[in-house]
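J.: Below, each chain spelled out in residue letters.
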Amino acid sequence: MTVPDARARRERVLVIAHGHPDFATGGGELAAWRLSQAYREAPGVEACWLLARVDRGRGATGAISLRREHEYLWEQSLRDWHLLRAANPHATDTGFVELLQALQPSIVHVHHVAHLGVEMLRTLRRTLPQARLLMTLHEYMAICQSDGQMVTPQQHRLCERDSPDDCHRCHPQHSPEDFWLRKRFLQQHYERVDAFVAPSEFLRQRYIAWGIAPERIHVIENGQADEAPLDTPPGINDSTRRRRFGFFGQVNPYKGLDLLLDALTRLSPAERAGLVLEINCAQLEHQTPALQARIDRLVRPLIDDGCVVWRGPYRPEELRRRLAAVDWVVVPSIWWENSPLVIQEAFSAGRPVLCSDIGGMAEKVRHDVDGLHVPVADAHAWGHRLRDCAGPAGAATWARLRAGIRRPPTHAAVARAHLGLAASAGSEQPPARTPVVIPLHPVTRTGS
Amino acid sequence: MWTDDLLRRVHRVRRHLRLARPVVAEPAPLQRIVRCGTAPDAPRLCIDLVVREGAVLLVAGWATAPLSLSLSLNLPMPGQAQSGPALAQDPFHALTLRRFDLERFDVAQHLSLPDARCGFALVAHAQDQTHTQAQAQTHPQGPADVAGPAAPATALPLTDRVTLHWHHPVDGSQGRFHLPVSTPSPESLARSSAAGSAILALARQLPPFSPLWQTVIGRCPDTLPRCSQASGHLEHALGSGLSGLGLATGWVLAEPGTPLWLQADDGPLLPLDPASRHFRHDAWATPGQAALNTRAEAGFTLSLQGVPPGTRLRLRALTRTGLLTLGQAVTAPMADSPIEATRQLLALDPDHPPQARHIEHLHGPLLQPLVEHRLRQLDALPVEVLQVGQPPEAPVASLIVPLFARRDFVEHQLLSLSDDAAFKRHVELIYVIDDPRLLDHWREDAEQLGRQYDVPMRWIWGGANRGYAGANNLGAAQARGRHLVFMNSDVFPRKPGWVERLSAVLDTEPGIGAVGPRLLFADGSIQHAGMSFRWRPELGIWVNHHLGMGLAPEFDPHRTLTRVDAVTGACLALRRRDFDAVGGWDAGYLIGDFEDSDLCLKLHHAGLDIAYVPQVELTHLQRQSMRSVGDPQLRGFVTTYNAVRHQQRWPRRLPVGADALAALGAARASHAGGATAAGPATARRQLA
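Chains C and B supply the protein sequences, listed in that same order.
Position 66 of the first sequence, counted from 1, bears residue number 65 in numbering that gives the first Met the number 0, the numbering being contiguous throughout.
Position 5 of the second sequence, counted from 1, bears residue number 4 in numbering that gives the first Met the number 0, the numbering being contiguous throughout.
One chain only, chain C, in its complex shape (with noise of 0.2 Å):
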């Protein structure tokens, strides 16, 4: 299908996120922060506006303010999590509206309701009628009251669907009645989304088993930055072992870090020797005690042997460096994740992934072409991977997934994605019977 030029207009972006990666470490902020900053560099583009949720510890005040030059703040938050309503939505009808009014955006890109309400969504509509709006989706908040991740909270059991019997189940103080509620308010919300984006199929299919009509969902990954793959681990030529693993992201139930940490407890000493295990994460005095606890009694003997080194945060501009560091990227999610920034992150730097064969995670590692698939939370078998890996046959197999890695998009291409799906959106043309899929870049094989 033709896709109206998006330079013969000149567009107004206003991009809308639940935080700022100025506060807030996780993926979602940043990607909409690059976003914000690719849009503002694309053609066709006039100017280009960030609102990000803030909190500054003092309550939803509903005050929005100027973080620097086309960057806003808003300090808002949600008073309710099974209906997705704003603590403060008078300043989603007034401040926010007055922004509106001033910006004039023509296209309002939204990720994620959390932390802002889907209030804004009527609002936005009610006061631009002729923007176009776009939302990503990048998690299944909207499908799943246990923090959007389609995993029962209390036992961690993947879940396919949303029923509201099997809701209630879940969360019992929500009788199946509230559950059909809720489905039915957050659907008559999203309707005001001109199109949605997916930065995977798998999210897309979900989501279209929820109820969004195939046509209005359509996938676009995330980018990253234009950078060139590193160079393989210093001081460490193909003939050697590829002995060292990465984990990077934050620490919670769902990202598998324990499950990690007690499958190379099973693995005898011989097994793991020189197998080293690097820890870059964030937010572990965040989580339960419970977690905490069990995280700590697994991984201290782990250091002590040398398995495991826990190196902690990191910056943003510092990843390459620990990525560098690393032969292996390990996703042990037990979710089912959408589009794992990690996973974008590692492929950009040139190293291989190994994560759990389910959901967005096996979407975008093809196994035994860029990575490898372990059966989702088995202890036994993430051992055995490890160990395969670390082993003699694992420097040939690292290789030729190397080899395999296609570059992800660049933030620039994202962007003019974007803009392609907004300006198709708001053609007169009827919308697209098969959804939008940007092709990734081509492979460009680098010295391996």
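Misleading hints may appear alongside valid ones.
Covered by chain B, according to a simulated footprint, are these stretches of chain C (three or more residues, beta-carbon under 8 Å) [said to hold, decoys possible]:
| id | segment |
| --- | --- |
| 1 | 93 to 100 |
| 2 | 171 to 177 |
Stretches of chain B that chain C covers, calculated by requiring three or more beta carbons in the stretch to come under 8 Å of a beta carbon on chain C [as the list claims (entries may be wrong)]:
| id | segment |
| --- | --- |
| 3 | 521 to 532 |
| 4 | 549 to 563 |
FYI, nobody ran anything at the bench for these hints, they're computed from the structure.
Backbone N, C-alpha and C fix where the C-beta goes; we use that ideal spot for every residue, glycine too.
Assemble the complex: chain C is given as a structure, and chain B must be docked to it using the hints.
T.: Below, chain B without anything else, positioned relative to chain C:
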């Protein structure tokens, strides 16, 4: 109801009365039940009660036939003995009576009477010289007044004997009985259940809270506490020793039509009808209240008058079975300080902070006298003035800065002002300390800062925290400039010459009464670009809305001098003579808020406009100058109190309720035709 004793007496009388007896005027005190006439089916009459309560004479009883009744006073003939047959021909001093027909189910049931309305109560005002004519004023007509000699109620000495005259309308028989007047104690009255029933029945007939009613209920028997017709509790009572006003809170549920009131010991009786009512979940959810839940709003808040601290108050109800005391409390003293009193009021019901309508009718009248008292106290305090350096000879303008909570901003302000030569020549600088916490070494520090920055200034300490308005008025009293510029301590000039530019507006635009600059937050976004009045229907108040707050300055639709509803007191300039003409800042607000818009409305009322000049910019940190005392509930109350007072003072400009929406529509229409005609997009392109 029917005691055994009474039953025996009734039976005895009935047996007695079967003997025919001639009708004579009984010289002896009446037995309780008598026969009216000699026929076997002659009607029976029973007098339960003959009492004198002050100037009211009350005779209550029942009769088995509809008899006509009247009363006369017995007065001894001069020289005559008190008792004896000579009383047969008494001077006939008739009294005007009111008669109430009462239902006596107890009698009707026992005697198998067809009609329960066999009871009666005769009320006469036996006036003596000490009671005024007002006592004779009767209330809405009760049932058939007695046909008696229509002699006017004359002022007669009180007597201890009355005569009851009866007349049977059917067969024409008539007669009379002498009754001793007693003033039985309430206890003996309570023991006599029949008398109590009569009194109670009478009380329920009378219009509640009328003077007669108030007399009668003093005689009503008490009922058992576990009465199903009413329940409740008196929880708090506050009274101001200063104003005599107060507040009582509690909850009560009662059958419809039950009189409810607060009774002060030796004090007024306060009906509960005018109280403000609200929903009480605990009262509503109590088991057993279902029958009483005709009214969902069990909670009450009642304004008190004439109830000084220390008064004991009782919450009472008049039920079908007697007087019920639901609870009692001693009035606690309300603080003299308006803020302390506010805290006390909020503590009465922390879960339900008062809304605008409550504040308007309940809390406002309570706090107003305290505020005025405080202002009088403040007026009497001595004022200390310190002049540092040599002030300008004939200043064009006086810059007045009140200091609260922090003094460290002064140095940062002086930093800008010290480089402004024109400022030092033409503007006198006045700092007003409005906070006793800032008194430490203030003189030495002031001198030192004056030397360091070479800026002359005057420092004033007024002896107490006066609030925003009071502190500014104090500064103005010391000012000599023909223009006054009021500024918060956390406002910092960005460029020199800002005072001149504001002054220039006042000099060149005679139609403008006050002018304010654009203020920016520390992050560079708009903090103030003029204010407009907005109606918040869910709160019932008009608020001062800051246009464009938080946006980058490029989105301010105004580029040049613009007339606005109001400008902020954080930086406001006006002429001295206009300031004096409108009486300066109004100090009746609590702590601080709405005084700036109040001043602007005063100027507007005097025919002057308010102007905003975007070309003059200063930085306002704003977080610090919120004159709050920390507690969000108190802040909320103070804001609402001030807003209510504000709109009460300016009802034409700020009408409440349905009128508010009409006013809002008109304002929107004029606004749409004005500044936003060239929208922000146009303004931006002009800038580019």
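J.: Give a verdict on every hint.
T.: Quick rundown of the hints versus the structure:
Given a C-beta distance limit of less than 8 Å, the hint that chain B covers the segment 93 to 100 of chain C holds, as 4 residues qualify and 3 suffice. For the segment 171 to 177 of chain C, the proposed coverage by chain B is not satisfied: 0 residues have a C-beta within less than 8 Å of a C-beta in that chain, short of the threshold of three. Here's how the segment 521 to 532 of chain B fares: 3 of its residues keep a CB closer than 8 Å to some CB of chain C, so the rule of at least three is met and the hint holds. For a cut-off of 8 Å, the count of residues in the segment 549 to 563 of chain B with a CB near a CB of chain C stands at 4, and the three-residue condition holds.
Hint compliance for this structure: hint 2 alone is broken.
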